[in-house]
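J.: Taking the hints into account, I'd like the entire structure generated from these sequences.
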Amino acid sequence: MKAKQLVAILLFCAPLLSGCWDKVELNELGIVNAIAIDKANNGDYLITVQLLSPSEIASQYPSNRVTAITYQATGKTILEAIRKLSTSVSRRLYFAHLRIFIFGETMAQEGIRKSLDFFYRDHELRTDFYLLVAKHSTGANILHILTPLEKIPANKIYGSLKYSQDNWAPTRTVTIDDLLDCILTPGKEPVLTGIEIEGNPRLGKTTENIERMQIPAVLKLTDLAVFKRDRLIGWLNESESKGYNKITNHVAQTVEYVNCREGKATFEISNLQTKIKSKIVHNKPMMDIHVSGAADIDDMECKLDLNNFKNVYMLEDRLNKKLKTMLVTTVKGTQERLNSDIFGFGDILYHHHPHYWRQVEPRWDETFPETKVQVTVDIQVRRLGTIIESFQ
Amino acid sequence: MFKLKNKSPDNKPISQQDHPVYPDLQKNIHKVKHDLGESSDLVVRTFHLAGQTQITIGLLYIDGLIDQTAVQEFVLGSLMTKLQNTFKDKKINKQHLYDFIKESVLTISSVKDLQGFNDLYAHLLSGDAILLIDEHPNGMAAGIRAWEDRGVTETSSQNVIRGPKEAFSETLRTNTTLVRRRIKDPNLWIKTQQIGERTKTDIAVMYIKGVADENVIKEVHRRLDNIEIDAILESGYIEELIQDKTLTPFPTIFNSERPDSIAAGLLEGRVAIFVDGTPFVLMVPALFVQFLQSSEDYYQRADISTLLRILRYITLLMSLLVPSMYIALTTFHQEMIPTPLLISLASQREATPFPAFIEALIMEFTFEILREAGIRLPKAIGSAISIVGALVIGESAVQAGLISPAMVIVVSLTAISSFVTPAFNMAISIRMIRFPFMLLAASFGLYGIIGGLILLVMHLCSLSSFGVPYMAPFGPHVKQDQKDAILRVPQWKMITRPHLFKRETERQDQTNRHHSKMRSQRKGERT
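Protein sequences appear in the order of chains B and Y.
Read in order, the letters of the first sequence correspond to residues 1 to 392 in the UniProt record's numbering.
Read in order, the letters of the second sequence correspond to residues 1 to 527 in the UniProt record's numbering.
Among the hints, a few may not be true.
What the hints assert, rightly or not - The calculated lysine to any residue pairs, modelled on SDA-like cross-linking and capped at a C-alpha distance of 25 Å, are:
{"#": "1", "chain 1": "B", "residue 1": "332", "chain 2": "B", "residue 2": "350"}
{"#": "2", "chain 1": "B", "residue 1": "23", "chain 2": "Y", "residue 2": "459"}
{"#": "3", "chain 1": "B", "residue 1": "4", "chain 2": "Y", "residue 2": "433"}
{"#": "4", "chain 1": "B", "residue 1": "4", "chain 2": "Y", "residue 2": "459"}
{"#": "5", "chain 1": "B", "residue 1": "114", "chain 2": "B", "residue 2": "362"}
Said to hold, decoys possible - Covered stretches of chain Y, as calculated for chain B (at least 3 residues, CB under 8 Å):
{"#": "6", "segment": "160-168"}
{"#": "7", "segment": "352-363"}
Unchecked claim - Derived, one-sided and incomplete: chain Y residues facing chain B with beta-carbon distance under 8 Å:
{"#": "8", "residue": "300"}
{"#": "9", "residue": "339"}
{"#": "10", "residue": "342"}
{"#": "11", "residue": "343"}
{"#": "12", "residue": "345"}
{"#": "13", "residue": "346"}
{"#": "14", "residue": "347"}
{"#": "15", "residue": "349"}
It should be emphasised that the hints constitute simulated quantities derived from the structure, not laboratory data.
We put the beta carbon where it would ideally sit given N, CA and C, even for glycine.
T.: So, in structure tokens, the structure goes:
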């Protein structure tokens, strides 16, 4: 009986004495919403974290204190730098709600692989944050810019990245899973969306940036940064970025215009489907890119009788040709200027012709620029909009 | 405590030492008066039989328990005036007279011979009039019981929108009548017995012979016979004394104040136990699902009822888990909260002094205090509690900086959800279990909650009520009974009785149904 009582008492004490060792109250958390990694002058990592100030964001009576605060620390390793931050931050840094991860341009040029391990290994981080590269800037500078519309700067970037990928197409949302997949898969190279400060960065860091109607410094997503393995080697331009997204089948919707007689006709393209097939011709790889989709006429500047189907077909034909040129130049440009297989042609070859891939894999860097590409575009015009002829 | 385990002869009540009625009327009257301690409500009337001064008769009754007019008209009236000429000039044999009075004079339906003083007291105190004839060693009890009662009133604790509004009252006979009126079946049997050494409370066991399981009926009687207690004042006494397992927060005996739900239970093959003096009737076997069902479920359309039942299951889980989930998520699993919500919760917590667990504990505790106070308060100052309550659990507590607004929502949500459960005893057990769950959540997070849920389900599955598994028809899974568990299928689909206590399985004549179906099909062909 005594033993039984003792066991009962011990069992009762167990939950109380465990002391809730990993319990953290919400007001003890420093919610990290964005992080930037740069190279410090001495070659160490320079970590910049952007913490949210919940009471300012959710308050019904906002004061003029800022809604997010950045802290910086340097360290030989990522974790060392992060732990060093505790000397300046009063709260426990909490990374589960990380939204945005920015590499400084120099950092990216020197290689990002080593810095990624911690973020993939640590259990606290989720894998759904987006990675970007700062263009002509350090990551830290990007995080210092105040954003007027969104109270949380990282949410501004997150939002525009998502919206822009869905509706405009030159940007790309890349999670850490995607990035590592591209780095580790032979015959596939990563890209990341760039971000730059447009305007006056010095004013952008002050509250003036959120007080003026015309914003002194805007955070702007740019075109895609091309990597080779884990090093940044160059940038695509806007047309190439759009082309790239189309080839890799990552476009939900985009807008494209063609010239008609005295103006331009703009199409909204949707349901884009890209299929890539590979062939071996004369022991040389050849990629067959087929794009299909639907287009609606959204904006028409010239006087063209659209009741006449011939005219519609004419526009459709021009659109197809334009897209074809865009895709061909994208591939050509990448092959000649950057020589990085961001389209994953190598990976496709590996899947379709594994034996051949084994032969070319060691010299893929030489073979890739010579890979022939055949593009067919089959976009069909579906709707003309609510009016037929343009009013003139 | 009430159970008289040691039956040593010296602590036996006086009334247990039985003694036959004396032939001497005065001696009898003296003994009754003495035994009842000269209680003021004992009425003793001695009189002579009509025109026969040599024959003295004593009438004893308890004032207030009998029908005064009946005494005057059918007892005193019959004996003192109507017999004026019957016994004129005759030599009267006392035994003959006794039988004559019993058989021919008293115009009362229930007249019984007394076996002795114990029997005399039982009848006297139950409201019968006792007739003792001088120089005759026997007496009779005339059943003219009548007392003030509340009458059949509206339900007060188990309300419905649609359905009968009448509720049981405190009188056993009224209660059995209410059920009898609903089931006019000769197989509806009632067995009455008295329990309670002092209270001698009438307990009636009611069932439909042939529908209820014989084993359950036997078991009910066996358990009732085993009760040894001095007093039964409410059916709760019986419930506690006959339940299968005492160490459980869950009720394993159903109670209702609604005649219709008891009638429905009897028709399903359950056994009802009526206790005199309370409007709450017990019913066994009771299943977990039963406590989440309202009699209204069968009066509203099937789709409405099914929806409402699902709602009740959800709210049951909510009243059990919402505070503990809040604690677990905000103190251990912040990654599971969407960022905007996390920010808003975090900003609310900036200025609150207590950890989430303590905060939740304070609020839940306060709510329980309010609930209890609301029941106990005199009606006149009832509105005061709602004003104070709104201050303690509400805006003021938030403004005072003691509690975060989200916690107010959490507690209020839990409070409302717990009142959705139709059975109060189930709702309150769930409310009790909520506190250990909060402790588990505060020490182990979701891990603790899941652990607690596993233990809870294991415990629920280990329960049974009069041999029927408590969690049926879920565990064990009974496919046929799913029709009336979470779902409530339309009446025309409820063809069989619940599987677990069935005798006569079919509720509807299936051959008939088949015909009507065929007929409608044929009709369909014609049109």
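J.: Confirm or reject each hint.
T.: Hint by hint, here is what the structure shows:
1. 332/B <-> 350/B: holds, 21 Å
2. 23/B <-> 459/Y: Violated, at about 29 Å.
3. 4/B <-> 433/Y: At roughly 23 Å apart (the allowed maximum being 25 Å), residue 433/Y and residue 4/B satisfy the hint.
4. 4/B <-> 459/Y: holds, 20 Å
5. 114/B <-> 362/B: holds, 24 Å
6. 160-168: violated (count 0)
7. 352-363: holds (count 3)
8. 300: With a minimum Cβ separation of about 43 Å from chain B (threshold 8 Å), the hint on residue 300/Y is violated.
9. 339: holds, 5 Å
10. 342: holds, 6 Å
11. 343: Result: holds, 5 Å to nearest chain B Cβ.
12. 345: Since chain B brings a Cβ to about 6 Å from residue 345/Y, closer than 8 Å, the hint holds.
13. 346: holds, 4 Å
14. 347: Holds, because the Cβ-Cβ distance from residue 347/Y to chain B comes to roughly 4 Å (cut-off 8 Å).
15. 349: Cβ of residue 349/Y sits 4 Å from chain B, so the hint holds.
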